[in-house]
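Novice: So the chains spell out like this:
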Amino acid sequence: MAAGALSLKPSEDITERKGRSPLGDAVQQLLKNKIAVAGLIFIVTLILLAIFAELVSPHPYDGANFKLTDEPPMTRAEDGRLFLLGTDELGRDVLSRTIYGARISLGVAFVASFVSLIIGIIYGLVSGFGSATRDNLMMRVVDFLYGFPFIIFIILVQVVVKAYSAREDTSGGPWGLILHADKASGGILIMFVAIGLISWLGMARITRGQTLGYKNKEFVEAAHAVGNRNGRIIWKHILPNILGPCIVYETLGIPGYILTESFLSFIGLGVNPPTPSWGIMISESVGSLRTAPWEVFVPASALTLTVLAFNFLGDGLRDAFDPRLRGES
Amino acid sequence: MISYVIRRLLWSLPVLFLIVLVTFLLAKALPGGPFDRVGDKSLPESIRVAIEKKYNLDKPLVTQFGLYIRDLVINGDLGPSYSYRNRTVNDLISETLPISAQIGILSVLLGAIIGLPAGIFGALRRNTWVDYLSSFIAVLGLSVPNLVLAPLLIYLFSVKLGWFPAARWGVNYKELYFGFIPPMTADFWSHAALPVITLGTGISATFARLSRASLLQTIREDYIRTARSKGLTQTTTIVRHALRNSMIPVVTILGPLLAGILTGTFIVEFVFGIPGMGDFFITSVNNRDYPIILGSTLVFAIFLVLGNIMVDIMYAWMDPRIRFD
Chain A
1 MAAGALSLKP SEDITERKGR SPLGDAVQQL LKNKIAVAGL IFIVTLILLA IFAELVSPHP
61 YDGANFKLTD EPPMTRAEDG RLFLLGTDEL GRDVLSRTIY GARISLGVAF VASFVSLIIG
121 IIYGLVSGFG SATRDNLMMR VVDFLYGFPF IIFIILVQVV VKAYSAREDT SGGPWGLILH
181 ADKASGGILI MFVAIGLISW LGMARITRGQ TLGYKNKEFV EAAHAVGNRN GRIIWKHILP
241 NILGPCIVYE TLGIPGYILT ESFLSFIGLG VNPPTPSWGI MISESVGSLR TAPWEVFVPA
301 SALTLTVLAF NFLGDGLRDA FDPRLRGES
Chain B
1 MISYVIRRLL WSLPVLFLIV LVTFLLAKAL PGGPFDRVGD KSLPESIRVA IEKKYNLDKP
61 LVTQFGLYIR DLVINGDLGP SYSYRNRTVN DLISETLPIS AQIGILSVLL GAIIGLPAGI
121 FGALRRNTWV DYLSSFIAVL GLSVPNLVLA PLLIYLFSVK LGWFPAARWG VNYKELYFGF
181 IPPMTADFWS HAALPVITLG TGISATFARL SRASLLQTIR EDYIRTARSK GLTQTTTIVR
241 HALRNSMIPV VTILGPLLAG ILTGTFIVEF VFGIPGMGDF FITSVNNRDY PIILGSTLVF
301 AIFLVLGNIM VDIMYAWMDP RIRFD
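So the sequence lines, in the order shown, correspond to chains A and B. Heads up, the first sequence is in this note's numbering, so the first residue is 1 and it goes up one at a time. Heads up, the second sequence is in this note's numbering, so the first residue is 1 and it goes up one at a time.
Looking at chain B on its own, in the form it has when it is part of the complex (with noise of 0.2 Å):
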């Protein structure tokens, strides 16, 4: 297990290392240098030679990407914030990071506990209303995107019935436990509530359609006919054989729906006006302030990288037969 978690590891380091580039590369292809003008203003020569060969700007582009790299794999720092003064990219990421972390975990538990579920009935009982009915309602959560389905749920929730606050997170980043757990207020919930219900229904209806499949495909295994001959039960041999086995290729689709997660929590915390790092990159794109852009965006690739190892290394350890390929 552990070698596997070591190659799997060491494999990921070109696909990091290419990220790196791509990202240092496309920063320095952008129109300008970050100190041609501050505001609407140019600043005069002397000082803008100052400024960048503070920042390195003024070594060859070499000797730029190796310190890039330096800084990033020995301090983890993602360099100055040009626009934001005396802010680090590091510390804006620190602040919203965990508030668009908490949507995301909870998202995936909500679409956890309605689609696993609802995939699973509509197997067992397949070709009846009960499957029929589910597998409707998951290509139509599958089909409503999240930036139709937040503004539909603000005006359904917030504005004509009141229920829950249509904007802003329930907790301050300071409140957080070890920066990152929120205290379990009801301030915290009622603001979670329509954010995660957006963003866990796609979430549930990918999770419904696969395990279906997945059931239905586990059940047909010389195992489980096995398991029935020697007199298991129904129940004992659905749970104890099939749905366990059925529900490892679900795991997999973890990967592919981290990408998803983080673009819809881009929508989420825009529309909802949340203070995560989706909402704050809108803002930097709106605002044409490349260096947070760029910042921001090698932190979503590490993200999902490492995310798509772990989900990886989840799988070969529910699957021993992984680990030896």
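Bound-form chain A, shown alone (with noise of 0.2 Å):
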């Protein structure tokens, strides 16, 4: 159908408009959007790329080869392998390795995104139908949780797991268990749901002003007279008329996810080596900008192209989803 509703022109009968549901006029509206599906094809090729990193990637992410380090791109090795975006300081393949890094650029991109969606929009729901006090009071707590610095406490947290990640006996308990299988996933478990566990504040404020709007609609009052529970009500209404606006809310802020893990392998507090991360890839390369200045582009460009793309795509989602807001922010 999306299809045919493409190659409508003006002087088409207005009646083939007609039974079209609001989903597929929005989709119909992203189509429309050049710049948004350019990001969205980048992404799709992004993520096709990451889950098939193996395949795909021409040489392995690690394991040092110092008879090729800091060579330029399309140097041939001497058994004939091509290192096409050239190595790095340690011999390693750049192209490979930004392919792998991917892999944590869109994996902070979705789990950060899914934990903050999860706890906003329970935070919300909660908060949006219940009475006036609980509302007040769960939304007081949100006003003041905003004005902690999360970053830092970010920070901290990945400053304490790295302390105990750098002791080479781990622990017992849960804890112990958390910390392994961190250590385990090359240091992004903790930080990846950290990201998300203080990124829903505004998903909490959207879910709630959303649910507010359809607590007092006339279904929802005749759910109430047919004598559902809240619970059902929450699940079998109000839910799914708010979940669009959620998601394409949540799309804004993947730039900001991304931003975040790339900033902290920068500083030596996300990713362990020899983990591949764009932003740990940049510090570790900047210092020989001047000699190889590929070893550093490469993510770099890597990195902006993805944040570029997540940018379009969410503006093109918005002004989709959100005629009010179209073209004015």
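Hint data in this document are derived by calculation from the structure and do not stem from the laboratory. Source: prediction; values computed, not measured. Treat the hints with care, as some may be off.
[Unchecked claim] Across the chosen pairs, the derived CB separations fall in these ranges: (1) Trp11/B - Leu305/A: 37 to 47 Å; (2) Asp91/B - Asn65/A: 36 to 46 Å; (3) Leu9/B - Asn230/A: 36 to 46 Å; (4) Thr133/A - Ile2/B: 26 to 36 Å; (5) Pro58/A - Trp11/B: 21 to 31 Å; (6) Ser229/B - Gly213/A: 25 to 35 Å; (7) Val239/B - Pro58/A: 27 to 37 Å; (8) Val73/B - Asn216/A: 45 to 55 Å; (9) Phe144/A - Lys54/B: 31 to 41 Å; (10) Ile118/A - Met314/B: 33 to 43 Å.
[Said to hold, decoys possible] Okay, the calculated bits of chain B under chain A, using three or more residues with CB under 8 Å as the criterion: (11) 20-30; (12) 151-159; (13) 266-279; (14) 302-312.
Note that CB positions come from ideal geometry on N, CA and C, so glycine has one too.
Join the two chains into one complex using the hints; note that each chain is given alone, in its own frame.
Specialist: This is the structure:
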């Protein structure tokens, strides 16, 4: 149907448009936005590259090769292997490390969004659907937390995590288990979840606002009247209506998550080497910018293009789903 | 106004207390004591006990926290630096903080000078090429991270063109007036140019997007229609009525922006090798120098909270309606 709708010309019969859902409308609006579509295509490609990194990347991301350090792009090794985008200071293939690095950036985009969505939506629903007193109290808590400098909090948590990881013996118990999982994942697990844990405040406010908007609508009243319980009304009637705007809002936050991850890895509190993250690749190579600029600019381009793609897609989604905001921020 | 300021400051006390408590507990949660080893050698048991006694580390946790709070509140004392001999965290911060502050303030100024006119012209010439161009550049500016822009500018303007130095800062902290204001020498500006442009780009993009959105909203207000209908010229309407009101919400972005500027100075100082607090912090992280990390983190956090309060107060001063909430 989407393909047919796309070819609609102004002269065509207007009754053709009847019966299209709001979702279909929004999708059509999004597909008209060329920049947003370009962003979407870039992101899908990147996701595929990240999933199939083992198959796609020409070389492993780790393992030093001291015969081939700081080689410029298009270098061919003696055994005929081609290093398309050069090698880094340890002789590792820059292209392969950049492809594997996409896993970290996309990983934080999805994990942090997921955590933030779940917490924010539950909090917002409970606050918005409840009594005015509870709503007031819960939103005061959100207001209070807004003043808390969370980036500092993440830095502190990561400092402690890294300090424990640096020790050989990881103790038992749940804390030891989490640390172990974090170490096994290359130092990303706690960071991903922590970024999500601090990002739900905005989502809670959006969800609450949306919930308040639907709470007194006729269909919710009707659902009450026929004897539905609150939980069922929230699940069946409120949630499906607010989920769309919430996901759109969440997309706008993704560039921030990616930048936070790259920042943490850049300052040495993110992924553990040799796990490749674009942030750590840049910080490791920035000293040799004069002699080996490709080591910085390949991951830097990947990072910039990814953030740009998510920004374009997020703006496009917001414009498509919320016509009131179109082109105003 | 004064009662608003007092109320606002009192509200921040629980936040500040929470930050100090979290920092303190995390410091205690770190594995091993600060004096377990010096360099690669373990200290003899008796010496370690003596040092820990000197720093009150042998007392119960609650007492330690009380002493820490007392020193912090009464003397503004952030405690000794365990790793730099004979220096306190205060010494280290008073040498590095002014440089970071210079970078931050200059970047915000640059961001305002470029971003506000771009956003305002975009809104006034809505849906023309001026608007599209400035909006597009703004998204671009928002999307190029500091840790990409900094090496890029160094490569272009230092390595290739040789216009600006690639590293260090133009003035020593001893040359600052009042320990804060730098002498405006050519050396200062040439060193400041690239770091400030790096940090200012994102800020001006934020300003441009926000001022455009805000002005577009203000133009639709009733009082603008009133101003027009009583025969004011377009210029008078925009400058006297629309602009003044639309700039009020723009001030509020300064609060959230502070955190971004802070993390930005970390990156900029590290890449350009500027001896500010951010560079110092990253060095401490890489050296696993935990007492310094926690001390400076506390300073960062207090700075962010107080910065937010100042922005709120500025906001209330600009828009009297806020004070009566």
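Novice: Compare the structure with each hint and give your call.
Specialist: Taking the hints in turn, this is what the structure says about them:
Between tryptophan 11/B and leucine 305/A the CB atoms are about 42 Å apart, so this pair conforms to the stated range of 37 to 47 Å. A hinted range of 36 to 46 Å holds for the C-beta pair aspartate 91/B and asparagine 65/A, which are about 45 Å apart. A hinted range of 36 to 46 Å for the beta carbons of leucine 9/B and asparagine 230/A is consistent with their spacing of about 40 Å. Remark: the range hint 26 to 36 Å for threonine 133/A to isoleucine 2/B is upheld by a beta-carbon distance near 31 Å.
For proline 58/A paired with tryptophan 11/B, a C-beta distance near 57 Å fails the hint of 21 to 31 Å. Checked against the hint of 25 to 35 Å, the pair serine 229/B and glycine 213/A passes, with Cβ atoms roughly 34 Å apart. The hint said 27 to 37 Å for the Cβ distance between valine 239/B and proline 58/A, and at roughly 60 Å that hint is violated. Taking 45 to 55 Å as the suggested C-beta distance range, the pair valine 73/B and asparagine 216/A conforms, at roughly 49 Å.
For phenylalanine 144/A and lysine 54/B, the hinted distance range of 31 to 41 Å is satisfied, since their beta carbons lie about 38 Å from each other. Restraint check, isoleucine 118/A to methionine 314/B: a C-beta distance of roughly 36 Å satisfies the suggested window 33 to 43 Å. Chain A is given as covering the region 20-30 of chain B, and this holds because 5 residues of the stretch bring a CB closer than 8 Å to a CB of that chain, at least three being needed. Coverage of the region 151-159 of chain B by chain A holds [criterion: at least 3 residues with CB-CB distance below 8 Å; count 5].
As drawn, the region 266-279 of chain B meets chain A at 4 residues by the rule of a beta-carbon pair under 8 Å; at three or more, the given contact holds. Taking a C-beta to C-beta cut-off of 8 Å, the region 302-312 of chain B contributes 3 residues in contact with chain A, enough for the three needed, and the coverage statement holds.
Checked against the numbered hints above, the structure breaks hints 5 and 7 and satisfies the rest.
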